[in-house]
Amino acid sequence: MENLQKLINNIILRDTDHLFNTDFLLSWEKSMADVEQVLDIAEALKSLRSHNIATNVFKSGLAISQFRDNSTRTRFSFTSAANLLGLALQDLEEGKSQIAHGETTRETVNMISFLTDIIGIRDDMYLGAGNTYMREVGAALDDGFAQGVLQQRPGIINLQCDIDHPTQSMADLAHLKKYFGSLEALKGKKLAMTWAYSPSYGKPLSVPQGIIGLLTRFGMDVELAYPEGYGLIPDVMETASKQAKETGGSFKVVNSMDEAFKNADIVYPKSWAPYAVMGQRTELLQNNDHEGLKALEQKALANNAKHMDWEADAEKMKLTKNGEALYMHCLPADISGISCEKGEVSADVFEKYRIETYKEAYKPYVIAAMMLSNRFKDPGRVLSELLKKGAKRKV
Amino acid sequence: MENLQKLINNIILRDTDHLFNTDFLLSWEKSMADVEQVLDIAEALKSLRSHNIATNVFKSGLAISQFRDNSTRTRFSFTSAANLLGLALQDLEEGKSQIAHGETTRETVNMISFLTDIIGIRDDMYLGAGNTYMREVGAALDDGFAQGVLQQRPGIINLQCDIDHPTQSMADLAHLKKYFGSLEALKGKKLAMTWAYSPSYGKPLSVPQGIIGLLTRFGMDVELAYPEGYGLIPDVMETASKQAKETGGSFKVVNSMDEAFKNADIVYPKSWAPYAVMGQRTELLQNNDHEGLKALEQKALANNAKHMDWEADAEKMKLTKNGEALYMHCLPADISGISCEKGEVSADVFEKYRIETYKEAYKPYVIAAMMLSNRFKDPGRVLSELLKKGAKRKV
Amino acid sequence: MENLQKLINNIILRDTDHLFNTDFLLSWEKSMADVEQVLDIAEALKSLRSHNIATNVFKSGLAISQFRDNSTRTRFSFTSAANLLGLALQDLEEGKSQIAHGETTRETVNMISFLTDIIGIRDDMYLGAGNTYMREVGAALDDGFAQGVLQQRPGIINLQCDIDHPTQSMADLAHLKKYFGSLEALKGKKLAMTWAYSPSYGKPLSVPQGIIGLLTRFGMDVELAYPEGYGLIPDVMETASKQAKETGGSFKVVNSMDEAFKNADIVYPKSWAPYAVMGQRTELLQNNDHEGLKALEQKALANNAKHMDWEADAEKMKLTKNGEALYMHCLPADISGISCEKGEVSADVFEKYRIETYKEAYKPYVIAAMMLSNRFKDPGRVLSELLKKGAKRKV
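Residue numbers (the working numbering), protein chains in the order written: chain H, 645 to 1039; chain A, 645 to 1039; chain P, 645 to 1039.
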């Protein structure tokens, strides 16, 4: 309880209104203070709940989710986060809506937002589209609020787009903070964000981009590794590079998994589609070119197959710092011999770190912290009141 | 706050129990006092929320929605309304239920109603079916309650049927009241409810019917315009005519959009399928006659195409009172050049009134008012207590 | 109110922690005291609600449902139960999740359980699979909790598996208790659990198994009747036989509906697929053998058709005790002339007992009692506090 009080005091001291009424779309648009604030609020919420203290800051209000791609952990984390704060979830299923009838985004957005506090969006399928869509939603909300259509302007949380996956990268960061003891402890640590082989193609770039876009801000040595041709969005790589310089770390691109693993403190082996392939795919999808898509898939899978040795196995793990680097993954991983014949990680390596990856995936509090700081100017004050009130979550 | 107190006092004075425990199926089955009561309760709920006062009158209870047709705004408005009062939403998806197994309506209705306070139903596809189904549901609830199966008898709210769309027409009325300052101000105003061209067919008749069934009760001059053959259900037209006479207004049917627009204070151009076509379609659907349906669609679309000039464009708007009539639509509209090549309204006219149509679409409070007055004998007393208690919606 | 106080006192006296933190998977794994405790808690919750007393024991928390088969009454009962206690429902739809991507059960289970209190599962399609899956979920939860992934270990409620349907059988028992006045009154009563004809095949065995697995514990004479070849899982029949002996009742298998009905106090005529057919079906489904499945269906339906006289009609009802046995069914029933040409029960017999079957189906309180006793060590104390506090469910 004493620690919790201290934590909340820190949140109060740090209280700015930068996060207030501001969408959470790209982690690198947020200041370092904001990033730390979200982590601390998440920790405070977790601590409150573990002390059986209710954190219902809303008596009514909706949190809307729009998933344009499948989701399990993010879906349940978003629902849990909304529920933790007292919001009810309503999913926007486009197939059951009038959206198919040519309704414009700006209209739909206003129609679903009458009594809505938060909108979470996953739109990660098309390069150049997902984040753009979120900003279009934001502009429609701004307009609806300014024009008096909406009583309040709901906040948007990016639940994965083509560029970033901030609820994931922030949960990853929270995990690293806990694992190494503090954010300061990350300084000088080597992180290998590397491509890994998968028997599927078309996986979004948002996870590796989210990782290099966030973790280059803590003085770490971030090494991004991929086979030639599997590059990420150039802009994000530049941002990572710039951030690393500014914080006394480094950002380096290599074309060898072994090199990246060498002496790494943390490895994050994860498959993704090459930037160029994602671009072609987006174009073919927009043109409804099924033949072209099939051909692209064949080509992409054949290309992937040249790099089946990009698997995080026990041999490669031996290359890391004392052979004991922390293995990370956003899950679900393609585990060789378990979820596929040959994949991103060998079964023994995954099993060793399985429980750690489950802990890493614990996103509800990070999302709830994003919600809380979006809706309240002074989340520190709010948390302090919750603690003082001490209402039981479970009688 | 003073205005809110006055408003609530009016509600208390008007408190009758006509709305209590009575389904909201057709607006014209309600007395004028009841209609005004619902509008005032809606306004009071809106005002309470804008003062950040919680309106949770239930600590538990379900609001069930059953959508037999797509919905965005009504779905989200219904969810929001339920949430505003403290009810949780549960959607009845027939495909995931045992209904397909030949279960009877009376059985299903009892099975879903054990701890249910409100059931909202959209069933607007078949002439003669939707409203009938709602009454069948009501009869099953009456029976289940009388026989001791149910602890309470849930109230039904019509979320659009083949005859009426009362949550829409009531929201339209609330919008007109706000736009013109009062219900009294509607007296003598000319409203043009007119058919408009659309490149689709089979749109329900419930919106135009809802409009003429409600807005003929305020001393307005309502002109219903459609191309020959696009008539509405005769009964509803008779009701409209009768109501207009009783309240010192008029109801007239014309076959020209221009004529209806002439000197109108309000225009509501909206496509619908001809009554006769909807009847044939219902029969063909019941007989599973796919060939017949295709032929009917071809014929109906060809018929529509003869009336492409029934578009609310700038020229036609000039015919209205000072060229400045209020344009209304239940949304989504078929906007020429935006959602279709040629549709109900030109892009410039729609854009001019876009924000007004968004405000018009604001249905959560009207629906919440229907819920509240259905569940409480004395909604005025309930609202008064909420105000007095002043619990915060958002801490 | 006095009765309620007495009831709660009984619950307090009986408070053990056997139900606490223990999944509800098979009714016969629970002690008689536990079974009675669940019934009494259900009754107390019902009474509290009928006195308009709120029973929200949670301020936040999720109840997750996973339906691998269609459901209406259980779905709505589960939602209602969760809502009654203050939990929000989140449905796990496997099609919208990453489960299809080869994710392991143990992973999914941890991912959805971060802030979850209860998981309800229906998995009744494959012999040998459903209950096994539930135990796999339970083991994953145990592991996740032990390893510190989860802050709490959610409880599992079996919403129908291949072996048992305990929320149904417990609701059936509650109905019998009410109908006959007490559990003691069941002693010496004859219950006929009999197969009945249906024009469909592949119905789960869980209902008849649930009935003989629970109702042989009250000193009743349970007669299980089916045409030769329609046996149940042998283990369950042995359990039933053993239990009957232990409680001074009897358990007997006969191959004649008439014989079972003779002098019965209660009849439960319900179709199911033969154990052997379900086994073959499971194998064919696992091998994706569509031809084999069609052939099996033809054969099974032809077999069923030999027993069309296994219909509970007025003639057969005359055989029962004074011709007035209580007719039971889990619903929906195959009613001759209503939901099918020829089915499990004649229309007149069903109509006579229709309201009773609706009452029998009232499951929310039984499920809520399972939830409450799973989450609280001392449900009696909790109920007592709710009564004392007396917060209104509906203001």
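If you are wondering where the hints come from, they were derived from the structure by calculation, not from laboratory data.
You may find that some hints are simply not true.
The list treats identical chains as one, so a pair stands whether inside a single copy or across any two.
[As the list claims (entries may be wrong)] No farther apart than 25 Å at their CA atoms in a straight line, the calculated lysine to aspartate or glutamate pairs in the DMTMM-like style are these:
no.: 1; residue 1: 1038; residue 2: 995
no.: 2; residue 1: 650; residue 2: 865
no.: 3; residue 1: 740; residue 2: 713
no.: 4; residue 1: 831; residue 2: 985
no.: 5; residue 1: 1038; residue 2: 787
Note that this is a predicted model, so its numbers are computed, not measured.
Hints versus structure:
Taking the shortest Cα distances, residue 1038 and residue 995 never come within 25 Å of each other, neither inside one copy (34 Å) nor across copies (44 Å). Within a single copy, residue 650 and residue 865 get their C-alpha atoms no closer than 31 Å, and across copies no closer than 66 Å, so neither meets the 25 Å cut-off. For the identical chains of this complex, residue 740 and residue 713 are neighbours both inside a copy (16 Å) and across copies (8 Å), given an alpha-carbon limit of 25 Å. Within a single copy, residue 831 and residue 985 get their C-alpha atoms no closer than 37 Å, and across copies no closer than 58 Å, so neither meets the 25 Å cut-off.
Taking the shortest alpha-carbon separations for residue 1038 and residue 787, only the inter-copy value of 23 Å comes in at or below 25 Å, while the best intra-copy value is 41 Å.
Consistency with the previously given hints fails for numbers 1, 2 and 4, ordered from lowest to highest.
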